[in-house]
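A.B. asks: For chain A, the structure is supplied; the task is to place chain B on it using the hints.
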Amino acid sequence: MKVRVWSGLYLFVLAGWSGVAAETPDPPELLERGEYMVYAAGCISCHAGEEGESEHLEGGRVFETPFGTFHAPNITPHREHGIGNWTEAQFRRALRQGVAPDGRRYFPVFPYTAYTRMRDDDIRAMWAYLSSRPAVARPSRAHGGAWYLQLPLAMRLWRLLHFSPGPWQDEPDRPAQWNRGAYLAEALGHCGECHTPRGLMGNLRADRKYVGTAQGPDGESVPNITPHPEDGIGKWDQDDLAYFLESGMTPEGDFTGGIMSEVIDNGQRHLTAADREAIATYVLSLPPLADAESLGALDESRVGRVMLPRAYAESQPSGPSYPADR
Amino acid sequence: MMRRIKPVTTAVLTALLTVGPVAGTAADDSEDVIKYRQKAMSSQGAHVSAMAQIVRGKVSYTGHMRSHAVGVAGVAAHVKSMFPEGSDFGVTDAKMAVWENRADFEKAADESKEAADALVVAVDSGDGAAIGEAFKTLSQSCKGCHEDFKKEDD
Chain A
127 MKVRVWSGLY LFVLAGWSGV AAETPDPPEL LERGEYMVYA AGCISCHAGE EGESEHLEGG
187 RVFETPFGTF HAPNITPHRE HGIGNWTEAQ FRRALRQGVA PDGRRYFPVF PYTAYTRMRD
247 DDIRAMWAYL SSRPAVARPS RAHGGAWYLQ LPLAMRLWRL LHFSPGPWQD EPDRPAQWNR
307 GAYLAEALGH CGECHTPRGL MGNLRADRKY VGTAQGPDGE SVPNITPHPE DGIGKWDQDD
367 LAYFLESGMT PEGDFTGGIM SEVIDNGQRH LTAADREAIA TYVLSLPPLA DAESLGALDE
427 SRVGRVMLPR AYAESQPSGP SYPADR
Chain B
17 MMRRIKPVTT AVLTALLTVG PVAGTAADDS EDVIKYRQKA MSSQGAHVSA MAQIVRGKVS
77 YTGHMRSHAV GVAGVAAHVK SMFPEGSDFG VTDAKMAVWE NRADFEKAAD ESKEAADALV
137 VAVDSGDGAA IGEAFKTLSQ SCKGCHEDFK KEDD
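Taken in sequence, the protein lines are chains A and B.
Each residue of the first sequence is one higher than the last, beginning at 127 in this note's numbering.
Each residue of the second sequence is one higher than the last, beginning at 17 in this note's numbering.
Calculated from the structure, these hints are not laboratory results.
Think about it this way: if two alpha-carbon atoms lie no more than 30 Å apart in a straight line, the pair counts; the simulated DSBU-like pairs of lysine-lysine are:
id	chain 1	residue 1	chain 2	residue 2
1	B	123	B	55
2	B	111	B	129
3	B	111	B	123
4	B	111	B	96
5	B	123	B	167
6	A	361	B	167
7	B	55	A	361
8	A	361	A	335
9	B	74	A	361
10	B	96	B	123
11	B	96	B	129
12	B	129	B	167
13	A	361	B	111
14	A	361	B	152
15	B	111	B	55
16	B	51	B	167
17	B	96	B	152
18	A	335	B	111
19	A	335	B	167
20	B	111	B	51
21	A	361	B	51
22	B	129	B	152
23	B	74	B	152
24	B	96	B	167
A short list of chain A residues far from chain B (calculated; beta carbon distances all over 10 Å):
id	residue
25	206
26	255
27	259
28	280
29	287
30	416
Where a beta carbon is used, it is the ideal one built from N, C-alpha and C, also for glycine.
Excised from the complex, chain A in its bound form (with noise of 0.2 Å):
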């Protein structure tokens, strides 16, 4: 096993230590507490078989990107296939700093941007619990990111173009509630991935936040979230918005369908109402933007369409993926 050793703590794990954590059961409530993280977090949706269905969480949902094919890979404790040879600390970075245990990179259709502001009891609280889980023996299967993510520093560069490491600090003006609302929904629930409009090069444009997109996942269209009156959900309120995550229910009455029903299965209904009060309140709280089409539309099909043609692009070979480079 390749591991890139970086402390003295590691070198100790990986002596063999490792079991030791499996033989003195984690208390319950923190079990608890993991399996709600992973509910706010979204984990489910996508590590939870190709239509998010399955009872564990050992991947297969497949991301169709102007990047290339991405799977999401096993997470299962499983020995060989999924993370039952991690550590808590290589769970954490992989989380925080969006590395892998071997230290490659990862690909940002994984939101550790997002998770990278998680409170570190939140992840030990989350890594307790996934532990816990029955292990699956089904193999992750490779990415096919596009050819120029498999250039060497590629994800370097980008990450140092858009990635901000960190957890999440509360503003302290804001009252609790919508710092616990805007926590859920940055760093937990990864509300931007879908509805936040993407820049060239993927990343997730701060300028647009919330927007919605034409082209969002499975090609369908993400809608404006803003509390912008008309292009968003200006006229809804705390409570509207608080019940739609419960129940999927628009204010008029229509129910959502697509991702967001799922995202509410898998993740929003399990939460206390409180929570989803208070990522209402942050939500709500946000500058209303007008749709991209009242102000001349980023043509946002050329998203990944970047500096050479494509044929030239097709004729690269796809080469090993998983994640990105070395």
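C.D. replies: Same frame as chain A, now just chain B:
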């Protein structure tokens, strides 16, 4: 990119050439069928969102529950017939799966109808907890069907 002619389209074109308009009952224009079903589905939404206010205790009009539930159950019985072959043209949020996976669609529509009927039964029982549960089941059924058969709004 070449656009493949869908089987449904072929069927509709054939029908148009032979027996005239086919959507809904014999003479209905498919755009009118779409318009009609959107209005009918909006009325379902209006009833359901009104019931949500009552079920969640925001208002105390518990005596109104039955009217709303009966309304939803009545229209739920018509859902299958509101999506006839050929009504996939025009401005519709219906996914092609409505016609391509017809058996699944009809099963989902039947389940919604059953969930709405069960809500009427629960309302008649007067048991608050049962009403809450039945309402939740109906909501899940609406959402489940939209997940597979309705496109998201922009």
